[in-house]
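Engineer: Sequence:
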Amino acid sequence: MAQPPATRPPDSALLERLKAAAGRGGALEDESDIAPYLTDWRDLFHGRAPLVLRPDTTERVSEIVRLCAEARVGIVPQGGNTGLVGGSVPDASGAQILLLLSRLNRIRAVDAGDFTITAEAGCVLAEVQEAAERVDRLFPLSLGSEGRCQIGGLISTNAGGTAVLRYGNMRELVLGIEAVLPDGRIWDGLRRLRKDNTGYDLKQLFIGAEGTLGIVTAAVLKLFPRPRETVTGLAAVADARAAVALLGRLRAVSGDGVTSFELMARNAIALAAEAVPGTADPFPDAPWCVLIEIGSGSERMGLRDAVEGALGQAIEDKIALDATLAANDAQARRLWHLREAIVEAQRLSGPSIKHDVSVPVSAVPEMLDRAGAAVAAVVPGVRPMPFGHAGDGNIHYNLLPPLAGSHADLVDKADALTRAVHDVVAAMGGSISAEHGLGQLRRDEILRYKSPVELELMRQVKSALDPLGIMNPGKLIR
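Here the sequence shown is numbered in the working numbering, starting from 539 and rising by one per residue.
Simulated from the structure, these hints should not be mistaken for lab results. It is possible that part of the hints are untrue.
Straight line, CA to CA, 20 Å or less: simulated EDC-like cross-link-like pairs of lysine to aspartate or glutamate [what the hints assert, rightly or not]: (1) K557 with D721; (2) K951 with E994; (3) K951 with E983; (4) K733 with E710.
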């Protein structure tokens, strides 16, 4: 069931009506003003658009979508544009309208007693975190782009980050949604209910849909108690199997309080220590390290003593090789800097082949072994630099060229290397996109890994909600 293409370019009369619908200051037309929104975060995808609209109310978004639906003109929603798969970039036809959500940036309500916050789609994640903190609550989603990424985009891509292990990704953090449908109608699903067993959970259709079924304009999000004690540490382990065993012990001893459990390979750590100033490597002889963060709602629970005891026992049992706990916030930040520096170091080292995959947590060690063998068969000496959220099974499996090779040689083999990694992941029941979505980058590749039944169901949902095919055309699924 193919989706009809939205090929009609907007005429001058429609452009004028769209500018009026966006309101005063709500339209950008000059090429220099539009240009920053026409490429993605990594500069991999480039598009064109005759007009960029910046409505400041849900009603204005509704009118813009209604006009585009009447004219059968494609519309591409964009939040903070921090995505890595080209999901928020228009195509090169110049026929699609780009709609920014950045001016829908109001916190509509914060209810500390109900542990909820209602925020518009253009609210920056860091601002939502701060609003929660002002009422002594926590919004736990955390990722590197939190000073720029926006709530609507995070919902539309089902963002994850470093705290998924304990709090879940956006799909678990959203209670209700307001969305503009592809015909311009507004669906008010801003419910704060934890329990509502009255039929289909419609909000879930829009979470992770990458704007292909409608435009999220606001959401009710879950808040949590703020941790009163946080323990951050780094443990050295011999391999990923030991890391998984250590995770199980720490989850048990902390009452499932493990917030983050970040796995880092030796070569990734060494590259970060060499390339990024201020990066310390506490265990330079360790084959692998895990960054651990564990929280507790009370300072009287003896969390630090429990974690120290568990790590000490793990060392005695030869599950861990060594470990250190941060004594204060500054030391904790230095440990996190090591994890964050891995991303920067790989960027500084030149082009690499990046993969965002997930498998069941217990299968992470086997996946690393099998993927390593698979990529070595394609490019002998290729350097895998895996790191990431091992606590939820999400590994960033990045590849650098052999020490004696060139980046150009690696890029030439990119498709074969990616096929090798993704075939291993799929064979183990995993996902080729754990938290970044499909966008343009993985849209066609997913056809190899999803069953015909799954693909048909996805196309039927798309056809039912967006029969004209105007919502973010060419993204997620054909």
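Engineer: Run every hint past the structure and note whether it holds.
Structural biologist: Results of checking the hints against the structure:
Pair hint K557 plus D721 holds up; C-alpha atoms about 18 Å apart against a cutoff of 20 Å. A hinted pair counts as satisfied when its Cα atoms are at most 20 Å apart, and K951 with E994 does not qualify at roughly 31 Å. For a cut-off of 20 Å, the pair hint linking K951 to E983 stands: about 16 Å separates their Cα positions. Distance check on the hinted pair: K733 and E710 sit about 13 Å apart at the alpha-carbon level, within 20 Å; holds.
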